[in-house]
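K.L.:
Read off the chains here:
Number of protein chains: 2
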Amino acid sequence: MFTLIHYPLCPFSRSIRLALAECEVDVRFEQEKPWDWNAGFLEINPAGILPVLKVSAGTAICGVYAISEYLADTGLDEAGDARAFAFFPGDETERAEIRRLVDWFHNKFDSEVSSYLIGEKLHRRFDAGTGGAPDMELVRAGQANLRYHLSYIEHLMEARNWLAGEHLSFADFAAAAHLSCIDYLGDVPWSEAEGAKGWYARIKSRPSFRTLLTDRVPGLRPPDEYADPDF
Amino acid sequence: MFTLIHYPLCPFSRSIRLALAECEVDVRFEQEKPWDWNAGFLEINPAGILPVLKVSAGTAICGVYAISEYLADTGLDEAGDARAFAFFPGDETERAEIRRLVDWFHNKFDSEVSSYLIGEKLHRRFDAGTGGAPDMELVRAGQANLRYHLSYIEHLMEARNWLAGEHLSFADFAAAAHLSCIDYLGDVPWSEAEGAKGWYARIKSRPSFRTLLTDRVPGLRPPDEYADPDF
Numbered sequence: 001m002f003t004l005i006h007y008p009l010c011p012f013s014r015s016i017r018l019a020l021a022e023c024e025v026d027v028r029f030e031q032e033k034p035w036d037w038n039a040g041f042l043e044i045n046p047a048g049i050l051p052v053l054k055v056s057a058g059t060a061i062c063g064v065y066a067i068s069e070y071l072a073d074t075g076l077d078e079a080g081d082a083r084a085f086a087f088f089p090g091d092e093t094e095r096a097e098i099r100r101l102v103d104w105f106h107n108k109f110d111s112e113v114s115s116y117l118i119g120e121k122l123h124r125r126f127d128a129g130t131g132g133a134p135d136m137e138l139v140r141a142g143q144a145n146l147r148y149h150l151s152y153i154e155h156l157m158e159a160r161n162w163l164a165g166e167h168l169s170f171a172d173f174a175a176a177a178h179l180s181c182i183d184y185l186g187d188v189p190w191s192e193a194e195g196a197k198g199w200y201a202r203i204k205s206r207p208s209f210r211t212l213l214t215d216r217v218p219g220l221r222p223p224d225e226y227a228d229p230d231f
Numbered sequence: 001m002f003t004l005i006h007y008p009l010c011p012f013s014r015s016i017r018l019a020l021a022e023c024e025v026d027v028r029f030e031q032e033k034p035w036d037w038n039a040g041f042l043e044i045n046p047a048g049i050l051p052v053l054k055v056s057a058g059t060a061i062c063g064v065y066a067i068s069e070y071l072a073d074t075g076l077d078e079a080g081d082a083r084a085f086a087f088f089p090g091d092e093t094e095r096a097e098i099r100r101l102v103d104w105f106h107n108k109f110d111s112e113v114s115s116y117l118i119g120e121k122l123h124r125r126f127d128a129g130t131g132g133a134p135d136m137e138l139v140r141a142g143q144a145n146l147r148y149h150l151s152y153i154e155h156l157m158e159a160r161n162w163l164a165g166e167h168l169s170f171a172d173f174a175a176a177a178h179l180s181c182i183d184y185l186g187d188v189p190w191s192e193a194e195g196a197k198g199w200y201a202r203i204k205s206r207p208s209f210r211t212l213l214t215d216r217v218p219g220l221r222p223p224d225e226y227a228d229p230d231f
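Sequences listed follow chains A and V, in order. Using this note's numbering, you'd call the opening residue of the first sequence number 1 and step up by one each time. Using this note's numbering, you'd call the opening residue of the second sequence number 1 and step up by one each time.
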């Protein structure tokens with residue numbers, strides 16, 4: 001059985017959790033704090049980043065890029081059938097569009113939004129090394145950047161069924177993973193972004209999303225709408 | 001014919017240039033400055049990042065992740081034969097190890113080394129908006145981090161033929177692309193890292209590397225050893 005080392009409010013981990021749930025893969029979970037330099041974890045992944053997927057004794061797939069491509073690569077479920085969820089559906093140009101958007105959310109959105117908001121409101125608060133109040137200038141920068149990214153999702157959804165085109169893909173889960181973390185922090189201005197909200201409501205109502213909505217970080221309560229499919 | 005939009009000292013662009021040269025793909029080049037917000041370029045790639053591979057009229061593959069996987073995906077050269085260079089050779093576990101290392105260099109090395117050194121010594125100098133002298137504190141941070149990454153390459157090369165294992169892969173080109181930019185700036189302490197130097201010497205002597213060694217940025221001269229295979 002696979003084991004996923006993750007953290008509940010790590011967007012990279014969340015994107016893989018969503019995809020694994022869509023694939024109906026049986027998986028055990030272990031938690032690791034992303035702000036901790038744990039020697040045991042660094043032995044498994046010297047880059048020190050989450051998530052890590054242990055696929056067999058001695059074999060760990062490290063980081064969201066390697067894991068998502070590994071799961072797409074292996075392609076078959078335990079019974080040898082094609083997985084219920086295709087990470088990168090379509091022809092090579094459509095797959096390139098999916099990967100462009102995965103890159104957008106896991107890199108651009110992360111560095112412009114998630115790293116500020118999750119970094120300041122979560123990591124800084126719980127990391128004994130830096131601990132303390134969030135830097136409100138960085139929080140405001142993240143909130144301002146978020147509006148730009150929401151309008152980009154709106155723009156994409158004007159002509160598309162899902163973010164990368166006709167089909168649900170890993171791009172949707174990468175984007176939803178980041179937004180769901182920010183939503184836990186109460187920072188998504190959904191009422192200003194109806195098109196993005198419609199897309200997120202569809203993702204949020206999928207069975208694969210349920211475990212994310214029951215995640216709770218001790219000492220940090222999400223707003224009531226966080227777990228409400230009619231938010 | 002493909003067109004690659006790149007910048008000579010952009011490590012992401014360099015990794016794709018090396019791979020394209022290994023694949024013996026015929027390609028035209030256009031330059032774009034990574035610190036410029038050029039409206040025409042943003043229409044092609046709204047993320048504003050390099051490189052971009054125009055594969056046909058109206059179809060542009062954006063970013064190093066999408067391009068490398070696209071080229072691996074299509075897999076065939078213009079005559080319909082398997083490409084001379086396999087981006088991710090091996091079984092699914094070996095491919096995951098290659099991607100872990102691509103991620104390491106294009107993300108971790110980039111944020112800990114390249115973004116400091118290239119950002120301060122090149123972008124800051126030529127960007128009229130921020131223009132001026134490099135922040136030496138950031139330069140020193142990048143130089144210190146570089147030593148750690150060189151020792152990681154040494155560690156890998158103790159048991160391996162190429163970075164990810166037995167075969168040359170895109171991980172070698174991702175790593176060599178970053179190091180070659182830092183080497184242009186004269187910041188790689190090769191004499192302190194014999195194992196890494198041996199690996200880099202083998203990459204540097206490949207025909208695919210030649211065009212990188214003739215790159216020159218006006219007003220910024222590389223050290224003499226930059227283009228010397230016996231450095």
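The reader is advised that the hints may include incorrect statements.
[To be verified] Derived DSS-like pairs: lysine-lysine, alpha-carbon spacing no greater than 25 angstroms straight-line:
(1) V:Lys108 - A:Lys54
(2) A:Lys54 - A:Lys33
(3) V:Lys33 - A:Lys108
(4) A:Lys108 - V:Lys108
(5) V:Lys197 - A:Lys108
(6) V:Lys108 - V:Lys33
(7) V:Lys54 - V:Lys197
(8) V:Lys33 - A:Lys33
(9) A:Lys33 - A:Lys108
(10) V:Lys54 - V:Lys33
(11) A:Lys108 - A:Lys197
[What the hints assert, rightly or not] Per the computed footprint, the stretches of chain A lying under chain V, defined by three or more beta-carbons under 8 angstroms from a beta-carbon of chain V, are:
(12) 3–17
(13) 86–97
(14) 101–114
If you are wondering where the hints come from, they were derived from the structure by calculation, not from laboratory data. For each residue, glycine too, the CB sits at the ideal point set by N, CA and C.
K.L.:
Hinted pair, alpha-carbon criterion (25 angstroms max): Lys108 of chain A, Lys108 of chain V. Please report holds or violated.
P.N.:
It holds: about 15 angstroms lies between the C-alpha atoms, which stays within 25 angstroms.
K.L.:
Is the hinted pair Lys108 of chain V and Lys54 of chain A satisfied, with a Cα-Cα distance of at most 25 angstroms?
P.N.:
21 angstroms, holds
K.L.:
Quickly compare the C-alpha distance for Lys33 of chain V and Lys108 of chain A to 25 angstroms and report which way the hint goes.
P.N.:
Answer holds: Lys33 of chain V to Lys108 of chain A is near 18 angstroms, not above 25 angstroms.
K.L.:
Taking a Cβ-Cβ distance under 8 angstroms as contact, does the stretch 3–17 of chain A have three or more residues in contact with chain V?
P.N.:
violated (count 0)
K.L.:
Would the hint linking Lys108 of chain V and Lys33 of chain V be met if the CA-CA limit is 25 angstroms?
P.N.:
22 angstroms, holds
K.L.:
Would you mind confirming whether the straight-line C-alpha gap from Lys54 of chain V to Lys197 of chain V stays at or under 25 angstroms?
P.N.:
The given pair, whose Cα atoms are some 34 angstroms apart, is violated under the 25 angstroms limit.
K.L.:
Tell me if the straight-line CA distance from Lys108 of chain A to Lys197 of chain A falls inside 25 angstroms.
P.N.:
20 angstroms, holds
K.L.:
Within 25 angstroms, alpha carbon to alpha carbon, are Lys33 of chain A and Lys108 of chain A?
P.N.:
22 angstroms, holds
K.L.:
Tell me if the straight-line CA distance from Lys54 of chain V to Lys33 of chain V falls inside 25 angstroms.
P.N.:
Status holds; Cα separation ~17 angstroms.
K.L.:
Regarding the pair Lys33 of chain V and Lys33 of chain A, is the alpha-carbon distance no greater than 25 angstroms?
P.N.:
Judged against 25 angstroms, a Cα distance of about 38 angstroms means the pair is violated.
K.L.:
With a C-beta cutoff of 8 angstroms, work out whether three or more residues of the stretch 86–97 of chain A approach chain V closely enough for the coverage to hold.
P.N.:
This one holds; 5 residues, not fewer than the three required, reach chain V with a Cβ under 8 angstroms.
K.L.:
With the threshold set at 25 angstroms, check whether the alpha-carbon distance from Lys54 of chain A to Lys33 of chain A stays at or below it.
P.N.:
17 angstroms, holds
Checked against the numbered hints given earlier, the structure breaks hints 5, 7, 8, 12 and satisfies all the rest.
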